[in-house]
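Colleague: Spelled out, the chains give:
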Amino acid sequence: NAGVTQTPKFQVLKTGQSMTLQCAQDMNHEYMSWYRQDPGMGLRLIHYSVGAGITDQGEVPNGYNVSRSTTEDFPLRLLSAAPSQTSVYFCASSYQETAEQYFGPGTRLTVT
Amino acid sequence: AQKVTQAQTEISVVEKEDVTLDCVYETRDTTYYLFWYKQPPSGELVFLIRRNSFDEQNEISGRYSWNFQKSTSSFNFTITASQVVDSAVYFCALGTGGFKTIFGAGTRLFVKA
Numbered sequence: 001n002a003g004v005t006q007t008p009k010f011q012v013l014k015t016g017q018s019m020t021l022q023c024a025q026d027m028n029h030e031y032m033s034w035y036r037q038d039p040g041m042g043l044r045l046i047h048y049s050v051g052a053g054i055t056d057q058g059e060v061p062n063g064y065n066v067s068r069s070t071t072e073d074f075p076l077r078l079l080s081a082a083p084s085q086t087s088v089y090f091c092a093s094s095y096q097e098t099a100e101q102y103f104g105p106g107t108r109l110t111v112t
Numbered sequence: 001a002q003k004v005t006q007a008q009t010e011i012s013v014v015e016k017e018d019v020t021l022d023c024v025y026e027t028r029d030t031t032y033y034l035f036w037y038k039q040p041p042s043g044e045l046v047f048l049i050r051r052n053s054f055d056e057q058n059e060i061s062g063r064y065s066w067n068f069q070k071s072t073s074s075f076n077f078t079i080t081a082s083q084v085v086d087s088a089v090y091f092c093a094l095g096t097g098g099f100k101t102i103f104g105a106g107t108r109l110f111v112k113a
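If you're matching them up, the sequences are chains A and B in order. Take the first sequence: its letters are residues 1 to 112, numbered as in this note's numbering. Take the second sequence: its letters are residues 1 to 113, numbered as in this note's numbering.
The set of hints was computed from the structure by calculation and includes no laboratory data. Glycine is no exception: its CB is placed at the ideal position from the N, C-alpha and C atoms. Check the hints yourself; a few may be wrong.
What the hints assert, rightly or not - So the derived list for chain B, only partly shown, Cβ under 8 Å to chain A, looks like this:
| no. | residue |
| --- | --- |
| 1 | F47 |
| 2 | R50 |
| 3 | F91 |
| 4 | F99 |
| 5 | T101 |
| 6 | G106 |
Unchecked claim - Chain A stretches covered by chain B per the calculated footprint, using a threshold of three residues with CB under 8 Å from any CB of chain B:
| no. | region |
| --- | --- |
| 7 | 40 to 49 |
| 8 | 100 to 107 |
In isolation and in its complexed conformation, chain A is listed as follows (with noise of 0.2 Å):
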């Protein structure tokens, strides 16, 4: 049982380039969640989802794309990087939408 997996651990971006975030949970877990953590400022919300096929804004969601076409995986993707996406990218899920949640291990990305 693997919890929350996240690839790739670290990542170095040019501007403009694209790239996904992946995550993938093996509990079941409908919902799943993206936030990006800068210093001082905790968590931010990018995207979520509440089941397959659905998702749904955070509060930070520009630039960033997100689909759930299964209920393991989670993809999220940039698509034109700029240095104010340099963060760090963590993954959840949970079993229930008032529950706690299950986080990855996390990616940290940097744009240059």
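Keeping the supplied structure of chain A fixed, place chain B upon it in accordance with the hints.
Modeller: Frame of chain A; chain B shown alone:
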């Protein structure tokens, strides 16, 4: 609008001291959920506790205790007899249904030996 304030950016204590981390929240919803998470230096986020808005009972788990007061919109976290392993960033979070959770900025706790 939902908001979580953790006014203490950093706290430094000596081992065996008690320490309280403050959390103040704002919401107009009558049903909501409060959480505390721990982020040790290794970087992962670990769930500590969940409380719903209609359960104001305080909770104790070993050296950890939580005080939920709706009258002051606070959900404070106390570590008794702190240990070096308690050094981490602690986040308070608020959920109001629909799976949107708002996190505070976090409090970094240093426990010195």
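Colleague: Against this structure, judge whether each hint is valid.
Modeller: Going through the hints against the structure:
1. For F47(B), the shortest C-beta to C-beta distance to chain A is roughly 4 Å, which falls under 8 Å, so the interface hint holds.
2. The restraint placing R50(B) at the interface with chain A holds, with a minimum CB-CB distance near 5 Å, inside the 8 Å limit.
3. Using the Cβ-Cβ criterion of 8 Å, the hint placing F91(B) at the interface with chain A is satisfied: the shortest such distance is roughly 6 Å.
4. A cut of 8 Å between beta carbons decides the hint on F99(B): the least distance to chain A is about 4 Å, and the hint holds.
5. Of the supplied interface hints, the one on T101(B) holds, with its beta-carbon coming within about 7 Å of a beta-carbon of chain A, less than 8 Å.
6. With 8 Å as the threshold, the beta carbon of G106(B) comes within range of chain A, its nearest partner Cβ sitting at about 5 Å, so the hint holds.
7. For the region 40 to 49 of chain A, the proposed coverage by chain B is satisfied: 7 residues have a C-beta within less than 8 Å of a C-beta in that chain, meeting the threshold of three.
8. With a threshold of 8 Å between beta carbons, the proposed coverage of the region 100 to 107 of chain A by chain B holds, since 6 of its residues qualify and at least three are required.
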